[in-house]
Amino acid sequence: MDILSLFVVIPVLTITAILLLKDTRQVRVVSAFGMGLQLLMAGTLVFLYLSARHAGNSDEMLFVKDYLWFKSLNIHYSVGVDGISVAMIALTSLVVFAGIFASWEVEFLRKEFFVSLILLATGVFGFFISIDLFTMFLFYELAVIPMYLLIGIWGTGPKEYSAMKLTLMLMGGSALLLVGLLGIYFNSSPDANRLTFNILEISKVVIPLPAQRIFFPLTFVGFGVLGALFPFHTWSPDGHASAPTAVSMLHAGVLMKLGGYGAFRVAIFLMPEAAHELSWIFIILTSISVVYGAFGAIAQKDLKYINAYSSVSHCGLVLFAVLMMNQTAMNGAIIQMISHGLMTALFFALIGMLYGRTHTRIIYEMGGLMKIIPFLGVCYVIAGLASLGLPGLSGFVAEATIFVGAFQHPELFYRIVTILAVSSIVITAVYVLRVIAILLLGPTTNEHFEHLPDARWFEKISVVTLIGSVAAIGLAPFWLSSMIGTSLHPIIDKIIALNPF
Amino acid sequence: MSSGTFLIMRHELLLIAAALLVLIAEIFGNPEKKSRISLFSIILMGIITAVGFLPSPAGELFGGMYVSSGTRLIMKNILNIGALLVFIQSVTWLNKKENSSKVSEYFILLISTLVGMNLMISAGHFLIFYIGIELATIPIAALAAFDRYKNKSAEAGIKLILSSALSSGVLLYGLSMIYGTTGSMYFNEVSGLFHNNNLQILGFIFFFAGMAFKISIVPFHLWTADVYEGAPVNITSYLSVISKGAAVFILMIILFTVFPVIVATWQKTIFVTSILTMTIGNLFAIRQQNLKRFLAFSSISQAGYIFLGLIGGNQLGMASVIYYVLVYIFSNLGAFGVVIAISNATGKENIDDYNGLYHTNPKLSLIMTLALFSLAGIPPVAGFFGKFFLFTGAAQKGFYLLVLIAVLNTIISLFYYLLVVKAMFINKSENPIAAFKSDFYTRFALGICVAGIVITGFASIIFEAIRNLSFGI
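Top to bottom, those sequences are chains A and B.
If you use the numbering used here, the first sequence corresponds to residues 904 to 1404, in order.
If you use the numbering used here, the second sequence corresponds to residues 174 to 646, in order.
Worth flagging that the hints you see were computed from the coordinates, not collected in a lab.
C-beta: ideal position from N, C-alpha, C; glycine also.
One or more hints might be untrue.
[Stated by the list, open to error] No farther apart than 25 Å at their CA atoms in a straight line, the calculated lysine to aspartate or glutamate pairs in the DMTMM-like style are these: (1) B:K610 - A:E1063; (2) A:K974 - B:E637; (3) B:K601 - B:D526; (4) B:K601 - A:E1010.
[Claimed, not checked] Here are a few chain B residues that sit away from chain A, every Cβ distance over 10 Å (derived from the structure): (5) L212; (6) S285; (7) Y352; (8) T354; (9) N369; (10) W396; (11) L449; (12) I524; (13) A568; (14) P605; (15) S633; (16) R640.
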C-alpha cells in the first residue's frame, strides 16, 4: 500500500468502523480518531515531500503509483502528488479534522451524519491524489452526492430546495466536464491505440487547436461551476446557508477548491492554447464574481449568506488569478485556495457555534457579544481580519501575490480588470467590519444573551487548529509558496513556450 | 441431430427441458405443496444459468438459420442471470393464496419467453428472428394479465398483445420489403445485397419501427406506462429489464451485421430517437407518483442512453451496451426488488407512501438508494461505469453533441431519482410503512443485486471479457 492510497483507505476504514459500531456515542470519537490519523498522515506527507525535493528529486509528480484498471480503454488507477496537491491535501485534512469537532453535538442520525461527512472527504482526498482523469472524475462525483443528504437531512431553512439546487447545478457542471474529459481523451494521442487519461502523458502532447476550442470551455465551465464562476454561482449562497456547520466548512473550505484546482490542473494545463485564446471571456466573468460577490455580501443580513457571498468573491479571485497564467498570479491562486479554505472554514465553524447559542443568524438580532463570549468574539475578529487581507494573516499573502501577478501583464485590459478586482478588498473591509461592529461591539441588545456560555473544549480544538494554520501561512508564507512554486514550473514552462511576454 | 447440435443449442434445449419438467412436476406433484414448484424452478434456472457459462463451441445450425458465437452466448447468459433474479423475487408473491393455483403456469410461461429471447438472439435468418420475437412476446401478454380478476391487469394484457401484434405487423411489412428487394432472409446474404436503394431503406425503417415498439423507444412508447402499471410488479420488472435487454441485443446484432451498408442512415435514426427517448422518458418520469409508472418511464429513458452505445457501430459501443444491460439488470431489479418487497408486505406503491422509510426500514432504503444511484450513474456504483462507457463509445465516433444531451438528461433523471431518496430519508410521515422483515427469497435476490451493483463496476475483468467478445462494423 502506497502512502497516497492510504488517504482514501483510511476514510473508508473509518466509515466501516462507524458502521460496525453499535453505540452511537462512540461514533464521533472514532471519526475524530480516523481524521486525526489522516491529519498526521498529511503532516507526514508534507515532510516526506519536502525531504524528497530537498534530496534533489525533481520529478513532476512524486510517490507515483500506477495500476492498470480497464485495459482496453487504458484507464489506470494512478496517483501522484506535487507541491500543489500536497498543500491541498494538508488543507483538506485540517478542515475535515476541525469539521468533526465542530459537529460534535449532532444528535439526529449521528452515525449517518459522520458516514456521509467522511464519504465526502474521501471523494475530496481521492480527487487531489489522482493523476488519471477517469479516477479524478469518479472521485469528483463521489464528493458531490453525499452533499445532498447532508444538507437535506441535517440542514436548516429551505434545506430541501437548497440541497436539490446545489446537487443538480454541480452535477450539471460535471456533465459539461464529462464531455470535456472525453474530448481530451480522444485527442490525447495521434495514435488511436495509445489514448490515455493520464494527465502527465497528455501534457506532453499538443491537443489540436480546434478540439481545444470546444473542450476547453466545457472543462473550464465544468470545474468553474464548483468554483462559483459567475453566473453559475447561485447554488453557493443557498447551499451554504442551509448546510449544517461542518458541511458548510467542508464545502466552502475544500469542495469549492476542487473547482479551482481542476480548472488549473486539467483545463489550463492540458489546453493552454485555447486557454490563452479564450481567457478574456472568463477573466471578465471572474471579475464579475469577485466584485459582485463582495457587494452581495454587504446586502445580506444572515451571517451564513454573508459568508457564502464572500466565498463567491474569494473563489472568483482564485479563478481570476489562474486565468492570468503567469507564475506570480498562479502562485497567489494556490495560496488563496489554501488561505480561503482555512479562513472560511473558521468563519462557518464560528457561525455554527454562535447559532448554537443564540439560535439566530440575523446580525441585527445580536449585538455586544464580545463581552459575553470573548473567546468566540476574538476568533471571529481574527477570521474577519484574515478575510479582509490584514498583513500577518494568510489572506494578505494570497491577495497581494495575486494582484502583483495580475498587474504584471502590460496590456490595458489586464490592468483594468485587475484594478476592478482590487476594489473588492475595500468592499470586503466594509462588510467584515460592519458585521463585527453590529455583532460583537456596542451594547448587548438582547437580555436573553447575557448568560451565553463561551466555547467548550471541542469547539476550541476546532477553532484553534484553523486559526493556527491561518496565522502560520500569514507569518511564514515562503515555505508554502516555494513548495508551490517549484511545482508550478512545468505548467508555467508550457505557457511561456506558447506566449513569451 | 448430433451431440454437437445439442451443445450449440444448449441454452434453448435446456430451457425447453426445464419448462417440461416444471409441467411434469405440476401434474405429478403433491397439490398441497405447490410452493415447492417455485423452489424447483429456481434450482433448474440456477443450473441452466451456471451451465451457460461453460465453454461452448461456436457454430451454425440449420444451414445458417441458427448462429451461435461468443457474443451471443454472453448475451444469453446475461439474460439468464436477470431471469433467475426475477424468479427468486417472485416467490413471495406466488406464495400468496390467490396465486397458489397458478405457480407452475407462471414459471412455464416465463421460461417460454426466455426460450424465445434466446432463439431470437441466435437468429441468422429473419424467420427464426421473428419466431423468437413472437415466442418472447405472447406468453408475456398472458403473464401481464396474470391477476385477471383485476381490471388493470387484464387491461395491461390486452394492451400488450394488441400493441405487440401491431408492431409485429409493421416489422413483418419491413421484412417483406427487404425480402422483396434482396431475395433472401439470411442475415449474411441480405447484408451483401443491401444497397442504398429507397425501398430497402423504407423496409429498414419499418423494421426499425417494429423493434422500437419492443424496446419502447419514443414515439413508440405509449403502451409502456399502462402495461407496466397494470401488470403484476414481477412481470413489470421482467418486461422492463429482460425483454428490453433481449430486444436491444438483437437489434444491435442486426444493425451491425445486416445493415452496415446504410450505417449513416441508421445513425441519423438513432440520433433522433435516442434524444427523444431520453428527454421524453425523463420529463414524464418527473410527474409520476406510482413507483411502477415511475420506473417504467425511467426505463424508457434508460433505453435512450443504451442507444448511445449503438450509434457508433464500434466495438467499444457494443461492449458498452452489453455491459450496461448487465449493470441495468442488477440496478433495475434492485429497485424493483424493494418495490416488490414493500408491495407484498403492505400493498403500497406510491412515492408518498415511502416517506420516512429510512427510519423504519433502513436496509431497504439503502438498497433502493444504491439502485437508484446506479440507474442515475453516480459513482462508485456500477451504473457510473456503465454510463461512462456508453458515452465513451459514442464519443469515439465523434457524437459529442449527443453525449452532451445525454449527460444533461442524466441530470434530469438524477432530479427524480433524488425525489425518491428525499421521500425515504428527509420527508417526515405521520404513519410510515411499519418495520417488517422480508423472507429469505427477497433478501437473497436483493443481496445478489447489491453485490452486482457494487462489484460489476470495480471488477474491470467483467468489462474486459465482454469487450473481447464484442465486434464492430
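Here is what the structure says about each hint:
1. B:K610 - A:E1063: violated (30 Å)
2. A:K974 - B:E637: holds (7 Å)
3. B:K601 - B:D526: holds (11 Å)
4. B:K601 - A:E1010: At roughly 17 Å apart (the allowed maximum being 25 Å), E1010 of chain A and K601 of chain B satisfy the hint.
5. L212: Answer for L212 of chain B: holds, closest chain A Cβ roughly 33 Å.
6. S285: holds (37 Å)
7. Y352: holds (38 Å)
8. T354: Label holds. Min Cβ-Cβ 36 Å, cutoff 10 Å.
9. N369: The claim stands: N369 of chain B keeps its Cβ more than 10 Å from every Cβ of chain A (closest is about 28 Å).
10. W396: With a cut-off of 10 Å, W396 of chain B remains clear of chain A, as the shortest Cβ separation is near 31 Å.
11. L449: holds (19 Å)
12. I524: Non-interface label on I524 of chain B holds, nearest chain A Cβ at 14 Å vs cutoff 10 Å.
13. A568: violated (4 Å)
14. P605: Consistent with the label, P605 of chain B stays out of reach of chain A, its closest Cβ about 15 Å off (over 10 Å).
15. S633: Violated, because the least Cβ-Cβ distance between S633 of chain B and chain A comes to about 5 Å, which does not exceed 10 Å.
16. R640: violated (5 Å)
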